[in-house]
Amino acid sequence: MTERGDSQRHLGLHVVYDGSHFQGYQVQPMQRTVQLHLEMALAKVFGHVCPTICAGRTDAGVHARAQFVHFQTPKAFPLERLPLALQRHLPTDMAVLSAHELPPDFHARFSALSRVYRYFIWPETRVLPFNSRYCWHYPYAFDRDLLSELWPQLLGCHNFEAFCKSGSYRTHFEITIERACLDTQANGLIILEIQAQSFLYNMVRTLVGTVLDIARGRFPAERLAHILNSTDRNLVGLTAPPQGLFLWNVLYPAQFGLNLNAEAERQSLFFSP
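Quick note on this note's numbering: the sequence shown kicks off at 1 and runs consecutively.
In case anyone wonders, no lab produced these hints; they're calculated from the structure. Nothing here was measured: the structure is a model prediction, and the numbers come from that model. All C-beta atoms in this analysis are idealised placements derived from N, C-alpha and C, irrespective of residue type, glycine included. Watch out, some of these pointers could steer you wrong.
[Unchecked claim] Subject to a maximum C-alpha distance of 25 Å in a straight line, what follows is the list of computed SDA-like cross-link-like pairs (lysine to any residue):
(1) K44 <-> R32
(2) K44 <-> K75
(3) K75 <-> A95
(4) K75 <-> L238
(5) K44 <-> F71
(6) K75 <-> E39
(7) K44 <-> T73
(8) K75 <-> C50
[Unchecked claim] What follows is a set of in silico ranges between Cβ atoms, one per label pair, in the way DEER data are often shown:
(9) G217 <-> N159: 21 to 27 Å
(10) L113 <-> R218: 34 to 40 Å
(11) Q8 <-> L238: 43 to 49 Å
(12) K44 <-> H226: 16 to 22 Å
(13) V49 <-> H107: 17 to 23 Å
(14) K75 <-> H172: 34 to 40 Å
(15) T176 <-> R218: 27 to 33 Å
(16) H172 <-> R218: 18 to 24 Å
(17) H226 <-> R133: 31 to 37 Å
(18) A254 <-> T176: 18 to 24 Å
(19) R126 <-> E101: 45 to 51 Å
Start from the sequences, fold in the hints, and give me the full structure.
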């Protein structure tokens, strides 16, 4: 997109990061966060504070292949040079893939049609060190056919309050799951994908932990359907660890010209099952 002469420019950034050593996206006192480092880099490039709004506030240890943020600035700067200019001030475990000029009504969070998360499970007894940062090593025996039946049961509109960690600011817990699919790679890696307009705090990780507990035989097979009709947090299983979770994609209306999935694929990210 071309630069405009408006006094306030509305810019967006496609940000990727390895969440292993971040305490999540959002700024927290005395913590290493993605937002902190991104806004520090923006301040150095533009010469003023640039508060950012993100598509999804990932938790500590969670990765992002397609985080998107927006901010405003009155300063002129060539968009094609902005990712490299920012990278000079960013740590090596995060990067800006692209920069976009956007209309004033764009909002990284509220303009999003849906978000896609992927959770990676390594279900083998042997440990692969290159997987340990990006998968949940799960060496326990479980019913894989049952897991394949359970995950799609999440499709549709349900009350997910039981899967929301206490302390959430949310008061509305009904969410429509647009996509819930399971894929097993040739090497045995299991990928659980889920898509919805929004998610609750720790919801995806608690869903993953619960369906695996059921598939492992710790709960009866009917447990998932029962929880989806309940608000009792005591019924859910364990919360899966953060390292297996990726914010994989964020979808926006076509009018904004954003295709984060295609951008991530073009960049040939090292971890792209």
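Hints versus structure:
no.: 1; hint: K44 <-> R32; result: holds, 18 Å
no.: 2; hint: K44 <-> K75; result: holds, 12 Å
no.: 3; hint: K75 <-> A95; result: holds, 21 Å
no.: 4; hint: K75 <-> L238; result: violated, 48 Å
no.: 5; hint: K44 <-> F71; result: holds, 14 Å
no.: 6; hint: K75 <-> E39; result: holds, 15 Å
no.: 7; hint: K44 <-> T73; result: holds, 13 Å
no.: 8; hint: K75 <-> C50; result: holds, 11 Å
no.: 9; hint: G217 <-> N159: 21 to 27 Å; result: holds, 26 Å
no.: 10; hint: L113 <-> R218: 34 to 40 Å; result: holds, 36 Å
no.: 11; hint: Q8 <-> L238: 43 to 49 Å; result: holds, 47 Å
no.: 12; hint: K44 <-> H226: 16 to 22 Å; result: violated, 53 Å
no.: 13; hint: V49 <-> H107: 17 to 23 Å; result: holds, 19 Å
no.: 14; hint: K75 <-> H172: 34 to 40 Å; result: holds, 38 Å
no.: 15; hint: T176 <-> R218: 27 to 33 Å; result: holds, 28 Å
no.: 16; hint: H172 <-> R218: 18 to 24 Å; result: violated, 30 Å
no.: 17; hint: H226 <-> R133: 31 to 37 Å; result: holds, 35 Å
no.: 18; hint: A254 <-> T176: 18 to 24 Å; result: holds, 21 Å
no.: 19; hint: R126 <-> E101: 45 to 51 Å; result: holds, 48 Å
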